[in-house]
Structures are given as structure tokens and as C-alpha cells.
Amino acid sequence: MSIDKIEIYDIRVLCIERSMDKGMRSTVRGRTVAGDNDTVILMEHVSKAYTVGVPALNDVTLHINKGEFVFIVGDSGSGKSTLIKLLLRELLPTSGKVIVNGTDVVRLKRRSIPKFRRSLGVVFQDFRLLKDRNVYENVAFAQRIIQMPNREIRKNVPSILSTVGLAGKYKARPKQLSGGEQQRVALARALVNKPKILLADEPTGNLDPKNSWEIMNLLEKINNNGTTVLVVTHNREIVNAMQKRVITMKKGIIVSDEEKGGYIDED
Amino acid sequence: MRINTLFYCIKQGIRNIFKNKWFTLASIATISACLFMFGLFFSILSNFQHIVKNAEERFPVSALLEGGLSDERVQEISNMISRRSEVKESIFIDADETWEKFAEEMNFGDVSIFTENPLEECAHFDIYLTDVSQQPALVAYLESIEGIRKVNQSALTAQALTGVNAIVSYVSVGIIVILFLVSIFLISNTVTIGISVRKEEIQIMKYIGATDFFTRAPFVIEGIIIGFIGSLIPLVAVYFIYNEAMMYVAGRFPFLSQIFEFLPVTTVFSTLVPVCIAIGVGIGFLGSFTTVRKHLSV
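So the sequence lines, in the order shown, correspond to chains A and B. For the first sequence, the tail end lands on 311 under my numbering, and the numbers increase by one without skipping. For the second sequence, the tail end lands on 302 under my numbering, and the numbers increase by one without skipping.
The shape of chain A in the complex, shown without the other chains:
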């Protein structure tokens, strides 16, 4: 990083610290929560080290309230994916507290992980659809694992497919769909069990701008219905345009947390 860039970066951090001094909600290292009942994601002093050396996450403290739409941005290796993995209980932190939907993820027993994950909706960059099953079965699968009766599945799946605009393609296999359509199926699967939180890891990473916007508009619509949405992304244009809360990460720490933020360009 050049000296000029460091200065710009420091100025931004300074602005955020000032806003914290004025009693606004955002802080760099911590976040004041209006009320604990509203907090759906809480990370306190969380660190995660894979091997000896630079930790993937270093003393991260983060509060996300019910109904928020939050972008997490940062370069590769900044710790975004590790953060998502911690929230999904795919990884355990080296130290610190992670509470999601009121569940202490660190203390969660292995046998309770499936039930915990059902309270979250997850969307991945590579869609992760079951390739051998059609659209209907991919979405219905999320309902089958919570042992939803068949008659409910037959009611819920068409309804959610219609919400994501795929009502007419329920028989199609994933490979017969465009990237945007596959991501909609993944969204439908994530939402069919009505999760309180939706985690989206680079949901537009494999999509063209038009499909990216369609997916983001869907996510916004879902958020407007009360679901907390957490999106990890590199898509500068979308982040800047949507004017949502933006958390910027760098080398495992949160360097910026802005209420209606933009993409901090370090280069």
C-alpha cells in the first residue's frame, strides 16, 4: 500500500471513530446494540487461527440486529469466509464468543448442529444444488430434512418457487438452468424453511451483472419481509448502490463498519 492510500484508509477509519464518538451505531472494533433481544448475530473478541502465524480472524467483535441487511466486504484472505464458516458452525473459533439466533455456537454439541443450521438459510457462490434432482426436489429436500409432511411440502415448495420466479421450471435439472436461475433455486431452498437469518457467501460471484442485480433485489425483498440478510461479496457496484450497512475486513480484523457504507477500495 502506498503512503497516499494508507492516508485515505486512515482517514476513513478516523471518520468511523468520530461517528462512534457522536453516539452513532457504528464502531470499528465494536458495536453498541440497542437491545440484546434484537441481536441475532453476536461475535465477541473472536479469533481464529488455522496454523501458527497470522490468524484468519483477530479479535473480531460484531453485532447484527434482527432485520438488518449487512454486506461483508474485503480482499481475499481478509477473513470473510472464515467468519461465515464460524457462523455456520463449520469451524470453531480459537477464542471468543459466537452467538447466532440465541445459540452459543461454541458450546453447541455436534448432534445439535443440524437443528441449528436449519434456523439459517445459506446461499453459496457455486449454488451447491443437488445435480441429480430437479428444482422441486432440491427445494423440497430442505423441507424433508426437517421432516415436513408431504402435503405441506407440496404447498410450500411451489409457493417459494413462485416467490423467486421459477414456478414454471420446477421440473428442470440444475444443468438446464442459467447461473441466475440456479442461484434462485439455491435461494428458494435457503428460504423455504423460513429462516431468521440468511447467509449469502458471494451469491453473485458467478453471475453476470443483470442476474446479480436480480439476485440482490430478491435478497432485499426477503430482507424487507423481516429476514436478517448477511452478504459476503466482492461486488463493488452493488455494495455502493444499495446503501446498506457495510463491514469491511482486512487481514482478519474489521476495519470499517458503516451504517450506509460503500466499498472501501484499498487499491
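These are calculated hints, taken from the structure and not from any lab test. Wrong hints could be hidden among the right ones.
To be verified - Output of the computed footprint for chain A on chain B, the stretches with three or more beta carbons under 8 Å from beta carbons of chain A:
| no. | stretch |
| --- | --- |
| 1 | 7-19 |
| 2 | 200-212 |
As the list claims (entries may be wrong) - The following residues of chain A were derived to be distant from chain B, with all beta-carbon distances above 10 Å:
| no. | residue |
| --- | --- |
| 3 | N102 |
| 4 | G121 |
| 5 | N194 |
| 6 | S203 |
| 7 | N250 |
| 8 | I297 |
To be verified - Here are the computed lysine-lysine pairs in the DSS-like style, where the Cα-Cα straight-line distance is at most 27 Å:
| no. | chain 1 | residue 1 | chain 2 | residue 2 |
| --- | --- | --- | --- | --- |
| 9 | B | K298 | A | K129 |
| 10 | A | K219 | B | K23 |
| 11 | A | K110 | A | K129 |
| 12 | A | K141 | A | K153 |
| 13 | B | K25 | A | K219 |
| 14 | A | K304 | A | K254 |
Beta carbons are placed, not taken as given, at the ideal position from N, Cα and C, and that holds for glycine.
Chain B: place on chain A using the hints.
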């Protein structure tokens, strides 16, 4: 667990079999090939043991009686012998019968020229044993019975047969254990490879909150069905080969059929069928169960 969840898991397991045709075929072929070898060796070795066992029973111990014993005493001795656990069969042959048999064996022709029975003192019991290795104990017992003057035994034959039987048993167990281990190794590897290529599918299931049971059940059902089919094919093949081989030997080498008595196919299969199915189904179950477990920690 809801009944429709159970049916769903079974349906998925059956569906997977058709969906992953190549994996299914490779697994069934491996299981079949291993169990075919196993079945073939089992049949051969069972028959070999049976032949040795039969040979053992062809060499009786002869207990020669003292002359002038009353019929009651002979009956008493017969009862004492029959009560022994190692005795399979005891046949009393009186002096006249012994002489006739001897003359016939020696080809004397007309024996009416003999006015007296030269083997007057040779009334005896021919005693067949269930296990030839018990012969010394029986001989000692017979020698202690009052009224028995001499016991004829073929100690060398008994020892040789006992030795052969022991070797055959050890070799049988050795070969079967080796085949069993090779089968487990090959089958587990095939199942492991087949499931490993679908680890992404397992991970997706886990990410969206499927329990270990729900994720694993279709794979385990698939493994059991593959194991079952894989064990039936070699059983059918061995059944036909066994029958054909018996018919061939009987037709081509009739003298062998007179010397050796082959085990009926039903006798061999009464052990082979449950063992093969248990191995096939067991390995299918364990292979899929343990392989899926490796991918469940997501």
C-alpha cells in the same frame, strides 16, 4: 422419525443404485468376484474335509472276543461299546460270518471242505468312530472290558488321517480368512471410491441441516442392496458349477464317485448361503456407513 422420512430414505437409496450405474456395477462385480472365489474354495474345502472324514470312518477298530462267551455277555459288551460318545457304529460279526468274509476276501472258493471253522475264536465287534483321533482312548477302554481278548487297531492310519484332517482344516481356515480379508479390502475400497466422488452431495446435505442419519441412510441402504445382489450372483454361479462338476465327475470318473462321496449341494449351501449373504450385506453396510462418516464432519 416420521414414516415418510423412512420411505424417503429407502427410495433415495434405491434411486442411487440406478443413478450411479457404474459405481453400482463396479461394486456388485467386486463383491461377486470376491464371494465367488470364497464360495468356490468353501465348496472345495468342505468336500475335501468330508472326504477325509469319510476315510476316517472306513477304518474300524476290531475288538476280538474270548471264546465261549454267552449271548447275554456279548449283548452287554455291545451295549457298553455303543454307549461311548466317540463310537458312531458298532457291528457284531460272529465267528462263522468272519470266516465266510475272510474266505471270500482270500478267494478260497468252496469252503465246505473245511469241517471246522478255522476262525472259531474270531467273533468280534467292528467299531467305527465319529472322530478317529479318539481311537487311543477307545482302545484303552475296550482292552479293559472283560471278555475282549484283543483289540486290533490301525494306529498308523488313524494318525495319518488325523494329521491330514488337521492340515486340511488349517489350510481351509487360512485360505478362507485370506479370501475374506481380501474381499473386505476390495469391497470397502470400491464402496469408498463410489461414495467419495459424491462427498459434495453429502456436504450440501449437511450444510442445510440434514442429520447424520438422514444423510447416511440412503447410502447405507444402497450399500446393503449392492452387497445383497453382489452375494446372490456368486451363489447362483457356484450352485450351477457345483452341480455340473458333480455330474461331470460322476460321468467321466465313475471310480472316483465310488471312492469319494461328495457333499450334496444343499449341505454345502446351507452354510454358504447365510455366510455369503452376511458377508455381502455386512460389508455393504459397514463400507458405506464408515465411508459416509468420513464426510459428515462438515
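Verification of the hints:
1. Using a Cβ-Cβ cut-off of 8 Å, 3 residues of the stretch 7-19 of chain B lie near chain A, which meets the minimum of three, so the contact claim holds.
2. For the stretch 200-212 of chain B, the proposed coverage by chain A is satisfied: 8 residues have a C-beta within less than 8 Å of a C-beta in that chain, meeting the threshold of three.
3. Residue-level check passed: A:N102 sits 25 Å from the nearest beta carbon of chain B, beyond 10 Å.
4. At roughly 22 Å from the closest C-beta of chain B, the C-beta of A:G121 stays outside 10 Å, upholding its exclusion from the interface.
5. Taking the minimum C-beta to C-beta distance to chain B, about 6 Å, the non-interface status of A:N194 is violated against the 10 Å cut.
6. The beta carbon of A:S203 is kept farther than 10 Å from every beta carbon of chain B, the shortest such distance being approximately 18 Å.
7. Distance check for A:N250 against chain B: the nearest CB is about 16 Å away, which clears 10 Å, and the non-interface claim stands.
8. For A:I297, the condition that its CB be more than 10 Å from all CB atoms of chain B holds, with the nearest at approximately 27 Å.
9. Distance restraint check for B:K298 and A:K129: the Cα-Cα separation of roughly 19 Å lies within the 27 Å cut-off, and the hinted pair is therefore satisfied.
10. Restraint check: the Cα-Cα separation between A:K219 and B:K23 comes to about 16 Å, which is no more than 27 Å; the hinted pair holds.
11. Taking the CA atoms of A:K110 and A:K129, the gap is near 20 Å; set against the 27 Å cutoff, the hint holds.
12. Among the hinted pairs, A:K141 with A:K153 is consistent with the structure: their alpha-carbon atoms are about 15 Å apart, no more than 27 Å.
13. Among the hinted pairs, B:K25 with A:K219 is consistent with the structure: their alpha-carbon atoms are about 20 Å apart, no more than 27 Å.
14. For the given pair, A:K304 sits about 23 Å from A:K254 by alpha-carbon distance, which is consistent with the 27 Å threshold.
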